[in-house]
Amino acid sequence: MSLKAIDSFETRVEKALANPTLKIAIERTTSTARMKRAAAVAAWPDFATARDLARQIKDHVIENLDHYLIEFEKNAAASGAKVHWAATADEACKITVAICQAAKAKSVTRSKSMLGEEIGLPHALDEAGITRVETDLAEHIVQLAGDRPSHIIWPALHRTREEVADLFRAHHHRPQNSDDIASMVASARRELRQRFLDADVGISGANFLIADTGSVCVVTNEGNAELTTTLPRIHIVTAGIEKLVPSLQHTMVLLRLLVRSATGADLTQYTTFHCGPKRPGDRDGPEEFHIVLVDNGRTRMLEQGLAEMLRCLRCGACMNHCVVYRQIGGHAYGGTYPGPMGAVLTPVLDGLKETRDLPHACTLNGNCQEVCPVDIPLPTLLRGWREKSWREGLEPQTVRVALGLWAFGARHPFLYRIGTAIAVRVLRRFAQNGWITSLPLTKGWTKYRDFPKPAARTFMEELRRQESREREQGTKP
Amino acid sequence: MNARDAIIGRIRANRGGKAGDPASIAAAAKALLSKPESGRPRIDAGEPGAIFAAHLVSPKVGASIDEIAGLEDVPQAVRRYLDAQGLDAGIAVQPDPALLRLDWTSFDLLPRIEADAIVGVGKALWGIAETGTLVFHSGPASPTLFSFLPLHHLVVIERTRILSYLEDYALLVQDGAPPRNVNFITGASGTTDIEGTLVKGAHGPRFLHVIIVGPGSDRSNDGKRNDRTD
Amino acid sequence: MPIISQTPRAANRPEVGLFVTCLADMIRPRVGFAAMRLLRQAGCNVVVPRAQTCCGQPAFNSGDSGHARQLAKNVIKTFEKFDYVVVPSGSCAGMIKLHYRQAFADDPAWKARAENLATRTYELLSFLVDVRSFRPEGVSLHASATYHDTCSGLRELGVEVQPRLMLQAVEGLHLTPLPGHDVCCGFGGTFCVKYSSISNAIVDEKARDIEATGADLLLGGDLGCLMNMAGKLHRRGARTRVFHAAEVIAGMADGPAIGEEA
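Residue numbers (the working numbering), protein chains in the order written: chain Z, 1 to 477; chain U, 1 to 230; chain P, 1 to 262.
Hints are supplied without guarantee of correctness; some may be wrong.
Claimed, not checked - Derived list of chain P stretches under chain Z, where covered just means 3 residues or more per stretch with a C-beta under 8 Å from a C-beta of chain Z: (1) 152-159; (2) 192-204; (3) 218-231.
Derived by calculation from the structure, the hints in this document are not laboratory data.
Each residue gets a CB set at the ideal place from its N, CA and C atoms; glycine is no exception.
This is chain Z alone, in the form it adopts within the complex (with noise of 0.2 Å):
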């Protein structure tokens, strides 16, 4: 079960906008991140190149989802992993819950997942009593704090260092003596040392499924992924199913393209193969290897024209270069994802008439499927969602009223002549020095900026008039 936003799209809006340290924040995190992913993309000269061959890769797979699913199965299940299967958020928890449950599991270490945050397996754990340890330092500070991620890369980027080095010293055994940033650091590292030795069951999330190993491929900058899923006697895998890449090779083109679109870099510190449990001659590892795959709307998503969201890396460079998200935050959202990326798919977990605003909060700008590595068109499928919305009825009456008198009136030249003079005759009134600055009927333009006024005759009246000047003085243009 995902947490579902309880306010309005309008009101988290409105908080996100009032609060001017937010705007710092997202600025500081997505500035940074769009100029990296810049000057990684202009190192590579035929990036346009490797980026649609990722593409194609990832469109063979959607076309196959079902051969490839059923390969990583037999591979994982041959290398010593057990596959489970969940269709909904809630199966994917019950399976991971009881998993735990069976183990006696009293202390669960995870490291960061979205799909773990999507399936709500957080509260989840919680629920059924279980400790849960968020290792991610970003997701360590959010569980300190009560709050949800808002950046799927950086999901605590809403956090100034001060609330983090108060949250520290509220909960760390041994926090920090000065609020430097590297101090703060040092005090999580200490603090979830043990907390990593404790726990009886590592969960991670992961970011590649590799079918022809059975493999599952995370990747990471901390070195807490590794803890999470060595230390444990169990680990377990949450991943969706669109995850899969048929083979290493496949894999390499798309880390390429996921790390410099995320980050800049061109691989993360960590990037970790995990192949079945631990096996005799290792000195480290799980007993237990559980991979659950979970479908939660993406077979939905195939069967409603957004297939291509399926390609998705979960990069982040969608948000990070987003003129709304880059206002309001992720927070704003009101659902696991946000940003370009979140706008598609939250109406397919969260249902359209709830989440109608996300893709119409948008300009239709292009940014995002331009920077995407693997091409989503995501200004078409926004207005896709558009389209749905408008044949289900879900628009405003006074936006289809309007809408119809306007394709009205364009329908009929004649007609559309005349209105047109009128409007912009009355439009005039309202002008005072060449601006207005209270409009009538929409107030949403004038209220932060003014409205020009229109000149005296429009276009086709002006031409009409000069045509018939020229006539009578026989002059021709």
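Given chain Z, put chains U and P in place with the hints provided.
Relative to the frame of chain Z, chains U and P by itself:
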């Protein structure tokens, strides 16, 4: 109907109901790899070791390096590092026979790696020049935790085992069964989660020092090349 | 199926149908006249079909594909007879050139007509440079200007270099780059009124960037964006004057800027 059948069923129904032909699917997947140069940036011509070293010390990776002629010089290189860092700690050595047989007599050799280990000396299976990456396979000679617990991780890599591209590794291992764990390590652990500021040493090692072994270096044995980036 | 002329009547004097756009028609006709002047200077016969109204973009972007298709059919019928269709707006040109075929995805006959029209449809500034190799001659304007790239023009149609090439040929005009010139201004059609507080946050940042350049003028290729930015600049008390780039290139920037009384 169980979840597996439901999921596979829905996927197939969307495509008209049938399972695909495995042979043609495999052929299509293979065809996507027919031009490896389309999927990767070109690295400069030249010895992979030099490119590998350059990546390691670049700000993006931020490791330090030392270059020596032979494995027998490793303990000396480790001593150089400890002195440069002002460290007086015991060291844990990865149970790789090639390391264990070296002369560690002047060191306080710890019997195993602890959670609060200060120094761990390991040996990578391969290096990858394209990214400055070290590759480890879990196994008797290489516990996974060895690369993640110490504060200072010193890694020995033979120059002859440095590959050019990520795919070169994939091709090398494609015929065998993978080990339980493969770790690609590219630099020391770090995080930018607080205000975007980079801090090294989140949960994994804070310092990565790579000792490149083998002829082809013009700096063997002089111990001067010890670029520290912190 | 109507017979559609495939070859220009005279290769060096093509017949251009001018699609004026709603905003130019209603708010700033000077843009339409600047377009006519430039097209004539570039050696084209300009025709302004009186049956034109709206390209249908507001309906299309609101998800109202039914009305969008109706308006698209009107545009196609009105304009498919011309050698070229030229539009002083990246977003309207993009609508015709890229999105009409999407609107008719399930109607092969109209899709074909849309695709045919698309091959001959151009945004004005890129048409002048790419198709007519046009540069302004004898046009001068002594001022500093900064240029904002409209998103649809930039990303859908590749309009970027062309306006700058022509502006550089205007004597005395000093172009200063706008940081974030390729970042959306927050207009987005109905977005700016449906989600006005977010639009405001975006355009406020844009206005600050524009003001910080110190340029006398803000120029661009789309009236919607220009009105959005001009309106914000004016509300903020900025002294930046805003024109459509076509007006400057046509030597018509001696007239009133957006919002100025004649």
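(message) Under 8 Å between beta-carbons, do enough residues of the stretch 192-204 of chain P, three at least, approach chain Z for the coverage claim to hold?
(response) holds (count 13)
(message) Three residues or more, CB to CB closer than 8 Å: is that satisfied between the stretch 152-159 of chain P and chain Z?
(response) holds (count 3)
(request) Establish whether the coverage given for the stretch 218-231 of chain P by chain Z is satisfied; the threshold is a Cβ-Cβ distance below 8 Å, and no fewer than three residues must meet it. (result) holds (count 4)
Hint violations for this structure: none, all hints satisfied.
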